[in-house]
Amino acid sequence: MKHKASPLNKKFWTPGVLVMLVFMAAGTVSIVARFTGGIGYVTNLSNARPWGLWVGVDVATGVALAAGGFTTAALAHIFGRHYYEPITRPALLTAVLGYTFVVLGLLVDIGRSWAIWKPIFYWNTNSVLFEVAMCVMVYLNVLYLEFFPIIAEQFKGKVRLPGLLSPLNSLVEGILKIGDAILGKTMWIFIILGVVLSCMHQSSLGSLMLVAPTKLHPLWYTPILPLLFLTSAFAVGYPMVVFETTLATTSFKLDDEMNILSPLTKITIFLLGIYMFLKLGDMFYRGTYVYLLDGTHQTNSFIIELLFGVMIPWVMLLFEKVRKSRRGIFTAAALIVGGVVLNRINVFIVGYKPPLAENTYFPAPGEILVTLGLIATLMFIYRFAVTFLPVLQESKEVSL
Amino acid sequence: MKLTRRTFFKFMGVAGVSATGLAPAAHAWESKAPPDPYGCLVDLTRCVGCRKCEEACSTVNKLPAPERPNCQCTIFEKKRRPDDKAFTVVNRYFTGRLDEFDKPLPTFAKVQCMHCQDPACVSACIVGALSKDETGAVHYDVNKCIGCRYCMVACPFEIPAYEYRDPITPRVRKCTFCYDRIKKDGGLPGCVTICPTEALTFGRRETVLTLAHKRLKENPGKYIQQVYGEKEVGGTSWLYISSVPFDQVNLPVLPETPSPKLSETLQHSLFSYLWSPIALFGVLGVFMAKSNKAKDNHPQHKGGA
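If you're matching them up, the sequences are chains A and B in order. Anchor point for the first sequence: position 154 equals 154 in the numbering used here, and the numbering is continuous, going up by one each time. Count along the second sequence from 1, then add 400; that gives the number in the numbering used here.
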C-alpha cells in the first residue's frame, strides 16, 4: 500500500465540533477570570499545594501523551521501518498540538505569564525545571520545522491569498519553496534532535519531584523516577497512536489501518514490558509493597494505575486474538494511555502530600474548565488540520 | 530528509570527539553553603507566645499588621502558617506536659524560613531568582521570577507563600532574614530585636550552634538532646532547641541529606557539557545513516517527518 496523505474532503461543522466550541467558550471565561482575579480566584491551589491540575494534566500529561511524535519518527525514519510512515504524520500533528498546548497551559499556570521568556537569559543549571523548559522550548520549534513540509506540500505553487493580502502571494510562495528546499536537506538533523530532546525532557519531568523527598508518597518517590518517566513515554507513544488513529478513522469513516496498528502493538508488548519490569522491580527492591494494603486513596490510586494501566493491557496484548481485533487493540491502548495519565496525576497531585499544613486538594471548577477548554481547542485544531492539510491517509471510499 | 554519507561522517566526527572529550568524570556533589553564615537560635523553652516578633517582622518588612496583634489566647486556637502577609507566626502546642497543678503546659513555636545551608528552593528555581547569599540569607529577586512556584514544591518546610490573588505580578513571599539589616555590622533581624525573653539569639551560625549545645549539656533534663536544624536537610541557618519532641511542634522529621543532592547529582552527571545528548545524537545518526543507505534503492519519501 502506497503512503499518500491528503486533506479529508469532509464536512467540518458537525455536532461534535459544536460541543467542542461550548467547552472552548467555558474555558475562555475561566481564563479571563484567572487573568483578572488571579490564580487564587479560579483555583484551589494554596501555599502548601502550589501545583495542581494544570501542571499535573495540562503540562506533565500533555508532554507524555505527545510521545507518539518522537517514537514514531524514531521507528520510521531512524530505525528505517518505513512501513510505518503513514502514522508518522498524524502522530507528528498530535505532538505539535500537544506541545503547543503544554506551553499555553503553562502560560495560564505561571504567575507572571509575561515573564515566560526569562529562563532564556537567567540560567540555573542546577534546576531540573530549567532543563525541561529549555528542551520543551527547542523541541516545540523542532516540531514546527518538522511540520513545515506538510504545509508546503499543500500550498506550494498554489498560494492564493484573498483580497488585500494578495501582493504577499509571491513572498509566501518563496518562503514555502526555500523553506521546503532547505528542510529537505536538513530534516535528518531535526528528526534526530527531536528524539534526543524528547528523551531528555521526558525523563527530566520525572526528576522534578526528586528535590522533594518528604512530600511525594514513597510508592512513587524513587531515584529511578526519571527512568520510569522515560520508559513510560516510550511505552505510551504507540498506544496513543493506536488510540487516536482509531478514533479518527472511526469519526471520519476512513480505512482502519489495522495492518499498521496491529504490528505496532507487538512492539508495545516489549516497551510496556520494560516499564512494567522497572516499576515492579523498583517496588520490590525498595520494599514499598508494604503500603499496598493500607487502604489510603493514594495506595488505591497506585494499584489502579499499575493493574489497569500496565499489567492488564500488557497481558491482553500477549494474545494474538486481541492484537488482530480492532476493538481489542483499542481497549488495550486506551488502558495504557489511561495508565500513563493516571501515573502523571499520581506523581504530581495524588501522591503529593505536604506533611505540615493540613491540606486537601481537589481541582476547582475553574481549573477543570480551563483544562477541558484547552483539550477541546486542541481537538478542534486537530480536526481543522486533518480536514485541510495532508495528514491522514486517503479514504478508500470514493469521496463525494 | 536526506543524509549523505559525507555530511554524516563530517558531523559525526565532531559529535564523537566532543562526546568523548567532554564526558565528565562524575563529580561528587558538594555543598554550596557560604563559609561563615549567620544563624539564629530559637529556644522554645523561653518563648512565652507574646507574638511581639510577628509585630516587629510586619513593621520591618512593611507588611500588614499581624492578625489580632494583642491576642495571646484565642488566636492560638487555629494553627497558622506563614503566608504572603506574614513572614513569621507563633503557634501554641499542648504536648501533654503538665505543671504542678496538673494543668497542661503550652509550648510556643515561632516558624519562619529556615534559610537552609543548601536550600531546595534555590536549587529548584528555574531562573535563579532565589539565591543563598554570604550572610546565609536565602534571597528572592522578584525581577527574575516567572511564578512557576517550583520553589514552593521543593521547600521541605512549606515556607514560600504566593500572592495568589494578584493576576499579573504576583510575588513569592517569605522571611528575608532581614538581609539588608544583618549585612550591616551589628544589624539584627526585626524579630530578634524585640524578643523580651531572649528566646531568639542571633550570631554566626557556628557561635549560636555552640551556644545551643552548651545549653543542652548544662540542662540535660530540660532539653531534648538535639539541635533541630544542625543536620536536617544538610543544616539550616535557623536552629531550634526544645523540651518537647520537635515533630510535636510541627517541625518535620527530615533526612540529613540536603534536598538538592540527588537531583543535582543526576542532572550534572547526565547533562554536563551535554555529553549524553550528543552521544545519543551520534548513536541515532549511525542507525539513520544505515537505514537510509538501505533505502537508497527504493523511491524517496519526502518531508513531513
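None of these hints come from the bench; they were simulated from the model. Predicted model, so just to flag it, every value in this text is computed and none were measured. Even glycine gets a Cβ: it sits at the ideal position worked out from N, Cα and C. There could be a bad hint or two in this list.
[Claimed, not checked] Now the in silico label distances, taken between C-beta atoms and shown as ranges:
{"no.": "1", "chain 1": "B", "residue 1": "Pro464", "chain 2": "A", "residue 2": "Ile381", "range": "57 to 63 Å"}
{"no.": "2", "chain 1": "B", "residue 1": "Arg604", "chain 2": "A", "residue 2": "Ala33", "range": "47 to 53 Å"}
{"no.": "3", "chain 1": "A", "residue 1": "Ile274", "chain 2": "B", "residue 2": "Lys622", "range": "55 to 61 Å"}
{"no.": "4", "chain 1": "B", "residue 1": "Asp436", "chain 2": "A", "residue 2": "Pro365", "range": "49 to 55 Å"}
{"no.": "5", "chain 1": "A", "residue 1": "Arg286", "chain 2": "B", "residue 2": "Thr665", "range": "39 to 45 Å"}
{"no.": "6", "chain 1": "B", "residue 1": "Val653", "chain 2": "A", "residue 2": "Ile304", "range": "57 to 63 Å"}
[To be verified] What the simulated footprint calls covered on chain B by chain A, stretch by stretch (three residues with Cβ under 8 Å from a Cβ of chain A suffice, anywhere in the stretch; the number is not a length):
{"no.": "7", "segment": "445-453"}
{"no.": "8", "segment": "525-531"}
{"no.": "9", "segment": "537-550"}
Hint check results:
1. With their beta carbons about 46 Å apart, B:Pro464 and A:Ile381 fall outside the hinted range of 57 to 63 Å.
2. Restraint check, B:Arg604 to A:Ala33: a C-beta distance of roughly 50 Å satisfies the suggested window 47 to 53 Å.
3. Checked against the hint of 55 to 61 Å, the C-beta distance between A:Ile274 and B:Lys622 comes to roughly 57 Å, which is consistent with it.
4. For the hinted restraint 49 to 55 Å between B:Asp436 and A:Pro365, the CB-CB distance of approximately 52 Å keeps it satisfied.
5. Our hint of 39 to 45 Å for A:Arg286 and B:Thr665 is violated, since their Cβ atoms are close to 18 Å apart.
6. Separation of B:Val653 from A:Ile304 is about 30 Å and departs from the stated range, judged on CB atoms against 57 to 63 Å.
7. Against chain A, the segment 445-453 of chain B contributes 0 residues with a C-beta closer than 8 Å to a partner C-beta. That does not satisfy the three-residue criterion, and the hint is violated.
8. For the segment 525-531 of chain B, the stated coverage by chain A holds: 5 residues have a C-beta nearer than 8 Å to a C-beta of that chain, and at least 3 were required.
9. Counting residues of the segment 537-550 of chain B whose C-beta lies closer than 8 Å to any C-beta of chain A gives 7; at least three are required, and the coverage claim holds.
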